[in-house]
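Undergrad: Protein chains in written order, with the numbering used here: chain B, 1 to 310; chain L, 1001 to 1324.
By construction, these hints were calculated from the structure, which means they are not laboratory data. The hints are all genuine.
Sample of chain L residues lacking proximity to chain B, with all beta carbon distances greater than 12 Å (derived):
#, residue
1, 1024
2, 1026
3, 1036
4, 1038
5, 1080
6, 1082
7, 1126
8, 1142
9, 1154
10, 1244
11, 1260
12, 1311
List of simulated lysine to any residue pairs, SDA-like, C-alpha gap at most 25 Å:
#, chain 1, residue 1, chain 2, residue 2
13, B, 117, L, 1125
14, B, 76, L, 1122
15, B, 117, L, 1126
Glycine residues also receive a C-beta, built at the ideal position from the N, C-alpha and C atoms.
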Amino acid sequence: MSTATPPPVRRLPLTGAEAQVIEPAEQPTVVMPAGSAAPGVGAPNFVSAPRRRIDSSPLSVDRMHVDQLSIAYGSKLAVKEVSLPIRQGEVLALIGPSGCGKTTLLRSLNRLTELTKTASMKGRITLDGEDIATLEPTALRRRVTMVFQQPNPFPMSVFDNVAYVLREQASRRPRKAALQGAVRSALERAGLYDEVAGDLAHPALRLSGGQQQRLCIARALAADPEVLLLDEPCSALDPQSTQVIEQLIVALREQVAVVIVTHNLQQAYRIADRVAFMYLGELVEFGPAEQVFGSPREARTKEYVSGGFG
Amino acid sequence: MSAVAPPAPSAAPPSPPRRSARDSSASWRWTDRLGLAFAWLLGLTFLAVTAGIVLYMMVQGIRFVRPELFVTHPAAGVTEGESGGFLDPLLGTVIVALMAMAIAFPLGLSIGVWLSEFGRPSWLARVTESTIEMLAGSPSIVFALFGTLIFEQGALAFLSRTNDGVVYGRSFFAAAAMLSLIALPLIVANVREGLQAIPGHVREASYAVGKTRIATTRRVLLPAARPSVVTGAMLGVGRIIGDTAIIVILLGATLRFTEAGDVPLLGTLKGTGSTLTTFVYANAPTGEINQPEKAFAAGFVLLSMVLALNFAVDIAARRGRRWR
Chain B
1 MSTATPPPVR RLPLTGAEAQ VIEPAEQPTV VMPAGSAAPG VGAPNFVSAP
51 RRRIDSSPLS VDRMHVDQLS IAYGSKLAVK EVSLPIRQGE VLALIGPSGC
101 GKTTLLRSLN RLTELTKTAS MKGRITLDGE DIATLEPTAL RRRVTMVFQQ
151 PNPFPMSVFD NVAYVLREQA SRRPRKAALQ GAVRSALERA GLYDEVAGDL
201 AHPALRLSGG QQQRLCIARA LAADPEVLLL DEPCSALDPQ STQVIEQLIV
251 ALREQVAVVI VTHNLQQAYR IADRVAFMYL GELVEFGPAE QVFGSPREAR
301 TKEYVSGGFG
Chain L
1001 MSAVAPPAPS AAPPSPPRRS ARDSSASWRW TDRLGLAFAW LLGLTFLAVT
1051 AGIVLYMMVQ GIRFVRPELF VTHPAAGVTE GESGGFLDPL LGTVIVALMA
1101 MAIAFPLGLS IGVWLSEFGR PSWLARVTES TIEMLAGSPS IVFALFGTLI
1151 FEQGALAFLS RTNDGVVYGR SFFAAAAMLS LIALPLIVAN VREGLQAIPG
1201 HVREASYAVG KTRIATTRRV LLPAARPSVV TGAMLGVGRI IGDTAIIVIL
1251 LGATLRFTEA GDVPLLGTLK GTGSTLTTFV YANAPTGEIN QPEKAFAAGF
1301 VLLSMVLALN FAVDIAARRG RRWR
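With the rest of the complex left out, here is chain L (with noise of 0.2 Å):
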């Protein structure tokens, strides 16, 4: 980089130069510079349009959302007045995270752990790896239909609501096991991440103290990957409470929680519902209820969780140090 400096007297050494990449770029090619514009160009179109349409939700969300919509059950109506709140798919939101999570993320964690640290034997290691990838390319309304063939199975009657021997097949328990699988992926990949970024020599002087690789691994890689572990379950939830398409097959995408059964929590998780998604797809100008400002309220409030949850994964991506 710096020129051949003259055999100067001073004993100062010379400095390296410091510039700015303007500076540098001035002195590019043309194609170099034209290529440099255009990456410009499509960043901040990028932005642009990211911050339009964050800004239009979070502005139209505003004007419409109203506290009574939190606790308001949602009705059916013709007009925004008749038409309730968003209780119901509010807490099935948090239903269906919390229950898809309850099995993503021991799931994910114990893969993730398996992959980076044992991977034994190695032919199974890599068939595990590509099913993990397979299931993060696969698009969610495939799961969908898949966990319909399941939990319509006999066997799993006990799931869902049965009518004159007919397994309704769609309930929490059904939403919740494929929606596990759409998180398990970025689970798996975030833990595996976070623990191959530990240096190899740490692992050693947890061996070269006397430990086993059980030991190593629970007191000294984990909560090292602690911030990636944190970010893959969060990344998870937000895909989970973002999905669409498997609560409107696997959870009925009814506007209340229909209960199945008289014992109280169980037959809630039996029945159907709907979660935020569902909500604002069925009151959407096209959707069958067409409330818009409902859709507009119900937008606002998912887009801020998962904008929570993204800031949420930033701070626990910086927490933590590091070894050099």
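Same shape as in the complex, but just chain B (with noise of 0.2 Å):
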């Protein structure tokens, strides 16, 4: 590939109310949960605050597909026979006690767990039908891109963390004035373009904590992905930057599937649609928000939103 072209990408028709009413920018939308998941005895008492969002999206369509996977680091198995389904329109939160599996999962979907020497894998995951196994590496983790805990702009421009990522390797081609407006809208997407539009040359590693996490978002985003991996991406910023990246959690998943890990069963609460809670490597429970925290099917879950342990 000569050109900085990214593969093909299959995307939704924007349709229906939700297209036109999420905004990053604007106020989020408060609804209380509907009386459908009122409250169940012994829910979280978070459970009755505002959250971001309406309600699942009508235009959720399936794109990944984990089908009953295992992972091993030596003979230590990190997740059992996890299945769920990745949904594009959705948000979905991976929760769970530290060491349950859940970061292990979210680096399977796009094989960054090959990069431990000692891990090994057992089940299939699919996006769009292809199994990722046969896919090229590097083609898949253009399409499912990830962002990481820790803000990790590399250490050049703003423009260039962006570009980087649109070039082919290594290559400084396509030039500058090729890019610009690819940069500006993913810079846009990730809604940070209006406070570095001044200055794209400003060095990323200068930018304040939360800017370094948006441009970490625009920088997963400029790949065009039809998956978004979040790895705790609020866990080391403060509450404001925090709201302005959950703000465009759920403004992107009209774009991309999003699969958030969370410690924070606040902010899961706050932006997801589903919710995976993961218990010693094992998925415990998966469905709808309102449903996991507010009436939990299984007495591990309960015990877990409320704070019983974890």
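Bring the two chains, given one by one in their own frames, into a single complex with the hints.
TA: This is the structure we're talking about:
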């Protein structure tokens, strides 16, 4: 591939009311949980708190399927026979106590687990029906990009951070002029453009923490991915930056399938459409956020979401 | 650390006690205080000795260094007036530094990157590591002797002078090749250290947008490690220009450049010469030329070069911002 054209991406038509309703800059839509998901007995007190979004998107569509996935580091099983769908139009939150395998599951979705020498995997993950094991890792990782816990912009300018993703491997081509539009659109989608527009040559490592993390999101979006993985993206940030990024994530779910790992249950409740609760490598409960938080089916889920352990 | 505070009625949290080292050491055991005093004494002594050397060399140097020394060829002579300047040794220092770094820098950079980022197969990485450590620990005179063995081989005759079929084995090529070995460990160590200081998630962030290991190294890791790379290179240059043994044995330590052959530049590089270190060595009171004023002047220039390099290393190391 000599140009930086990203691989063709199957896009959903953006129609329906939600497509217009959600803007990152807009005031978060505050809706109380619907009666159908009324807080059950013993539900955590934040279940009556406002959420950032209306309801499950009517436009959601399956993008990835995890099928009987097990991952082991050496002989230690980190993920045990997990199956779940990942849908565009929804934010999927993976919750659970430390060491429960949520980050491993997340990293397996773009085969980053393969970088760990001892990791071995069983089961199947498909992206739009294709087994990801059959794809080139580099091609897969352009379609399924990731944002990490620590903001980690590359030691170059804001512009080059985004352009790096658009350029072919280590090449410096295409030149700056040809990438202006794409870089700008990625920064806009990450809600950062207005803050950095004046000086795109600014060193990325001199931005504030929240800006750095949004730059990392812009970078992850620049490849025009189909799935966006977020590994505790707000844990190193202050509440204000967290709020900005949460709004951003909710707005992004129309364009990409979003999977977020979080330790912050309130955050999962605020932004997720679906929640997967993992415990000791197993998927204990998977369902709509209102249900998992409001009336969990499993005793372990109930205990965890109400702060019993973890 | 902080003592248990009585339940104070005020809502203000107790501020952590801030104490300087001196305040806290008053409560130490006497053995610890003695140790501290001893550490201070040693530190100050070391500082005084270093400052003494530098200041003495500077003062002596400034007394004897004159602009014309920089542009005058050295000459054989019994008085300070007759013995010329140190143009040839100064140029010699610059030439060996450039040539040795031309070998050592690319090699050291590649080895450092390979050790840090690839390192497979692991037995080869281990062997490489111990080889580099061995190079770092070997005295340069050993390299010099080994160099004569190599460069006196007939196959390498084109790199030095040949008289009646006997390969002389002394030239800028020979000296630079061996000098590169003493700079190599410093470059490898610094490149490696710089790369390994980069958090793993930065690499993964690059892989996670579909970049290969090579592209990541080239565009993200090496630019991030640039201060360390520069530091390694400068420390390497410092070692090279400070070495004497290899110059004496493999460069001939002739006062002036002695060309071998008629080709202008190649002839010089194939021929012999000297550097500031061997010039100081020869001009020192115990040396064969014994012109101490010249030795001090050349020593001053050499010391200034090394200090300037160290200063540059400091600046290079301070540049660049890190991830948390």
